[in-house]
Amino acid sequence: MQERPSERMDEGWQPRLPQSPGCRYRHLAEEERPRSEAPCPVQGEVQRSRRRVKGGREVLWGPGRGGREPGARPGRGRDRGPDQWWEEAAAPDSDAWTAEPRLPALAAPAARAMPSYTVTVATGSQWFAGTDDYIYLSLLGSAGCSEKHLLDKPFYNDFERGAVDSYDVTVDEELGEIQLVKIEKRKYWLHDDWYLKYITLKTPQGDYIEFPCYRWITGDGEVVLRDGRAKLARDDQIHILKQHRRKELETRQKQYRWMEWSPGFPLSIDAKCHKDLPRDIQFDSEKGVDFVLNYSKAMENLFINRFMHMFQSSWNDFADFEKIFVKISNTISERVMNHWQEDLMFGYQFLNGCNPVLIRRCTELPEKFPVTTEMVECSLERQLSLEQEVQQGNIFIVDFELLDGIDANKTDPCTLQFLAAPICLLYKNLANKIVPIAIQLSQIPGDENPIFLPSDAKYDWLLAKIWVRSSDFHVHQTITHLLRTHLVSEVFGIAMYRQLPAVHPIFKLLVAHVRYTIAINTKAREQLICECGLFDKANATGGGGHVQMVQRAMKDLTYASLCFPEAIKARGMESKEDIPYYFYRDDGLLVWEAIRMFTAEVVGIYYESDQVVEEDPELQDFVNDVYVYGMRGRKSSGFPKSVKSREQLSEYLTVVIFTASAQHAAVNFGQYDWCSWIPNAPPTMRAPPPTAKGVVTIEQIVDTLPDRGRSCWHLGAVWALSQFQENELFLGMYPEEHFIEKPVKAAMARFRKNLEAIVSVIAERNKKKQLPYYYLSPDRIPNSVAI
Numbered sequence: 001m002q003e004r005p006s007e008r009m010d011e012g013w014q015p016r017l018p019q020s021p022g023c024r025y026r027h028l029a030e031e032e033r034p035r036s037e038a039p040c041p042v043q044g045e046v047q048r049s050r051r052r053v054k055g056g057r058e059v060l061w062g063p064g065r066g067g068r069e070p071g072a073r074p075g076r077g078r079d080r081g082p083d084q085w086w087e088e089a090a091a092p093d094s095d096a097w098t099a100e101p102r103l104p105a106l107a108a109p110a111a112r113a114m115p116s117y118t119v120t121v122a123t124g125s126q127w128f129a130g131t132d133d134y135i136y137l138s139l140l141g142s143a144g145c146s147e148k149h150l151l152d153k154p155f156y157n158d159f160e161r162g163a164v165d166s167y168d169v170t171v172d173e174e175l176g177e178i179q180l181v182k183i184e185k186r187k188y189w190l191h192d193d194w195y196l197k198y199i200t201l202k203t204p205q206g207d208y209i210e211f212p213c214y215r216w217i218t219g220d221g222e223v224v225l226r227d228g229r230a231k232l233a234r235d236d237q238i239h240i241l242k243q244h245r246r247k248e249l250e251t252r253q254k255q256y257r258w259m260e261w262s263p264g265f266p267l268s269i270d271a272k273c274h275k276d277l278p279r280d281i282q283f284d285s286e287k288g289v290d291f292v293l294n295y296s297k298a299m300e301n302l303f304i305n306r307f308m309h310m311f312q313s314s315w316n317d318f319a320d321f322e323k324i325f326v327k328i329s330n331t332i333s334e335r336v337m338n339h340w341q342e343d344l345m346f347g348y349q350f351l352n353g354c355n356p357v358l359i360r361r362c363t364e365l366p367e368k369f370p371v372t373t374e375m376v377e378c379s380l381e382r383q384l385s386l387e388q389e390v391q392q393g394n395i396f397i398v399d400f401e402l403l404d405g406i407d408a409n410k411t412d413p414c415t416l417q418f419l420a421a422p423i424c425l426l427y428k429n430l431a432n433k434i435v436p437i438a439i440q441l442s443q444i445p446g447d448e449n450p451i452f453l454p455s456d457a458k459y460d461w462l463l464a465k466i467w468v469r470s471s472d473f474h475v476h477q478t479i480t481h482l483l484r485t486h487l488v489s490e491v492f493g494i495a496m497y498r499q500l501p502a503v504h505p506i507f508k509l510l511v512a513h514v515r516y517t518i519a520i521n522t523k524a525r526e527q528l529i530c531e532c533g534l535f536d537k538a539n540a541t542g543g544g545g546h547v548q549m550v551q552r553a554m555k556d557l558t559y560a561s562l563c564f565p566e567a568i569k570a571r572g573m574e575s576k577e578d579i580p581y582y583f584y585r586d587d588g589l590l591v592w593e594a595i596r597m598f599t600a601e602v603v604g605i606y607y608e609s610d611q612v613v614e615e616d617p618e619l620q621d622f623v624n625d626v627y628v629y630g631m632r633g634r635k636s637s638g639f640p641k642s643v644k645s646r647e648q649l650s651e652y653l654t655v656v657i658f659t660a661s662a663q664h665a666a667v668n669f670g671q672y673d674w675c676s677w678i679p680n681a682p683p684t685m686r687a688p689p690p691t692a693k694g695v696v697t698i699e700q701i702v703d704t705l706p707d708r709g710r711s712c713w714h715l716g717a718v719w720a721l722s723q724f725q726e727n728e729l730f731l732g733m734y735p736e737e738h739f740i741e742k743p744v745k746a747a748m749a750r751f752r753k754n755l756e757a758i759v760s761v762i763a764e765r766n767k768k769k770q771l772p773y774y775y776l777s778p779d780r781i782p783n784s785v786a787i
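Counting in full-length UniProt numbering, the sequence shown runs from 1 upward without gaps.
Derived from the structure by calculation, the hints contain no laboratory data. On a predicted model such as this, the values are computed, not experimentally measured, just so you know. Beta carbons: idealized from backbone N, C-alpha and C, even for Gly. There may be inaccurate statements among the hints.
Said to hold, decoys possible - Pair ranges (Cβ atoms, derived):
id: 1; residue 1: Cys530; residue 2: Arg234; range: 38 to 48 Å
id: 2; residue 1: Ala233; residue 2: Ser575; range: 38 to 48 Å
id: 3; residue 1: Ala319; residue 2: Glu756; range: 42 to 52 Å
id: 4; residue 1: Met259; residue 2: Cys378; range: 48 to 58 Å
id: 5; residue 1: Ala319; residue 2: Arg750; range: 47 to 57 Å
id: 6; residue 1: Cys532; residue 2: Ile238; range: 47 to 57 Å
id: 7; residue 1: Arg750; residue 2: Arg634; range: 35 to 45 Å
id: 8; residue 1: Asp578; residue 2: Arg780; range: 21 to 31 Å
id: 9; residue 1: Ser645; residue 2: Cys378; range: 31 to 41 Å
Stated by the list, open to error - Here are the computed lysine-lysine pairs in the BS3-like style, where the Cα-Cα straight-line distance is at most 25 Å:
id: 10; residue 1: Lys242; residue 2: Lys231
id: 11; residue 1: Lys641; residue 2: Lys254
id: 12; residue 1: Lys555; residue 2: Lys368
id: 13; residue 1: Lys523; residue 2: Lys410
id: 14; residue 1: Lys182; residue 2: Lys148
Construct the entire structure; sequences and hints are all you get.
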């Protein structure tokens, strides 16, 4: 154990009676040393601090946190490493030290009062957010900078998880307006990461300055913070602030590097696994997003784990599927189970199921799909020909051309798996309901590719619909869900971190909407969609087919297709009078408009004109990064290389936020509802599509559907993917206060009020519905793609 100062005293060390629990030591000339005072009394354990004069400057070192020995912690000397100061402090020249009490203020000689700041430090409340390391603070003001101060309360455990600690920091001179706060973390025993939420500074004049952080500090790391006011690059005229802005981006661009995971994909983060990511974008607990663990737990929770290894074992009949379904069910999934064979349920899912983005109004019958009036006249209710129904806007089409020629999964040599590329024609009947009227199971017409009709034999028509539902599942999982929400949102997130400093208003606006997105995608590449990943276990597009699909679908990934109103209009689905039961459209437009109004307000606060938008170099670099790396520089994508007006910027930000929040919610959280009943959304088919009519039997259908093992893995997947995260943050919730300005906070309050009104509208409508649609209710829309 390090010797106490009192144990090292020689005859020249005589303590005086203290006026407080501790003693101070001052370098004095020999003749100034007191000789006759009584020894310093000890109450419990004496707390001491030493002060030593080096070059006319005093430097402190003091007792460890929580009653540690004084020698157990480094010093506070500015421009001096802990080890260097420790060596000096551990072996003081005994002839140069003496003790003096802390005298009452009245007894002290008159002196100029030293400026004092009150520093409040908030530690995060997530698991493992606290630290036992040494935390130092330095202040940089317009008139000077402070020494480095150790933030520590004697006999107190500082910086615990969820704690808000305050410290008094005294400086030698007035610092002027505080511009930067530097926080340094140094190792005490074993390194632990520390999550710093914010610092609040009370100045000697009584003003309060907020310094948002919301970052992890790892190892012997440090962070330099600016106050919470959002600033554009043009607003910074002070050299040190310009330099800080530049260095932050230089550091980030080294941490957030682009990488091509697979040819033809949008570029992603350069990280092989979750642990390679910068700490700030990792999950708080990697275990909570382990796909293998979560899928296995899901099967345990569903009481189906006994089937999970029963590959090649077919179910006996449709009712047999209930063995893996009945343990956890809900209103929608039960209704699907009971009505999945009905044409009305089949058509409804194209409007309000978990993939409501494919159906479009048919303006002309494609040559590759030679349907005639005679084929479908028993389904037409208006006494019109098929061509006339098309002209009146009553015919709709879903074409799965993307799947044509995609390689089916061959990872299991014991099970052949198959894909189809069907075309489905739908009709709006007199009740304004959408029903199927014709299905062709491949893209090339011919004798071996018949057009199946509702008037065909029961099982012919049922199997044709099952093939469509299976194809819809594949496109949903890989394109609608993976590519158009997960991968696109990751592109926005990487570009944001690379090109926008934390002080930029657009960074402050978007950071909540990319939370955990890069992390969940990295885990997916590590465990789910990689070679021999979980995707291969149950899906016919596993084993590389899903990669081919993304590569093909990139040509259709356009900026306009991510603008919700334009995407609806492009598919001819905008009319509420013509298609009154399209709740995905109705609710989506409400949420889109609420987000657009909010982004327009924020843009208007910080950009006073279109010229300011055009002349913001950081913003333009952000937009260009998305175009060059995310869209691979494809002009046909329609993604802008730059933004030139406030209106254009508002729309761009609305695309970012809507894609990450509402669009992902609409296509993700209904997966258990619509896909848990295996015959309604088969992840694989074990026999090829029928090439003739009148030969399909119930036994053939059951043998074509997934086996027991693949059914269980599929059910575990859709259940796990449909769950909200613990402590989920829903749209409009911004607990991390990156913005401090009142106008922005008022805009946030109006945004939340508008969202609450939408919640009420949706809830009132759903009261009257047997099949409620709630996926776009704002209280069920997470802020970001995180699962």
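Hints and how they fare:
Our hint of 38 to 48 Å for Cys530 and Arg234 holds, since their Cβ atoms are close to 44 Å apart. Between Ala233 and Ser575 the Cβ separation comes to about 45 Å, which falls inside the hinted range of 38 to 48 Å. Separation of Ala319 from Glu756 is about 44 Å and conforms to the stated range, judged on CB atoms against 42 to 52 Å. A hinted range of 48 to 58 Å for the beta carbons of Met259 and Cys378 is consistent with their spacing of about 55 Å.
As the Cβ distance of Ala319 to Arg750 is approximately 53 Å, the hint placing it in 47 to 57 Å holds. At about 54 Å, the beta-carbon gap between Cys532 and Ile238 stays in the expected band of 47 to 57 Å. Take Arg750 and Arg634: their Cβ atoms lie about 37 Å apart, and the range 35 to 45 Å holds. A hinted range of 21 to 31 Å holds for the C-beta pair Asp578 and Arg780, which are about 28 Å apart.
At about 54 Å, the CB distance of Ser645 to Cys378 disagrees with the hint of 31 to 41 Å. As the CA atoms of Lys242 and Lys231 are separated by approximately 11 Å, the hinted pair is consistent with the 25 Å bound. Restraint check: the Cα-Cα separation between Lys641 and Lys254 comes to about 23 Å, which is no more than 25 Å; the hinted pair holds. In summary, the hint linking Lys555 to Lys368 is supported, as the alpha carbons are separated by about 21 Å, within the 25 Å threshold.
With a C-alpha separation of about 24 Å, the suggested pair Lys523 and Lys410 falls inside the 25 Å cut-off, and the hint holds. The hinted pair formed by Lys182 and Lys148 meets the criterion: a straight-line CA distance of about 9 Å does not exceed 25 Å.
In summary, the one numbered hint that this structure violates is 9.
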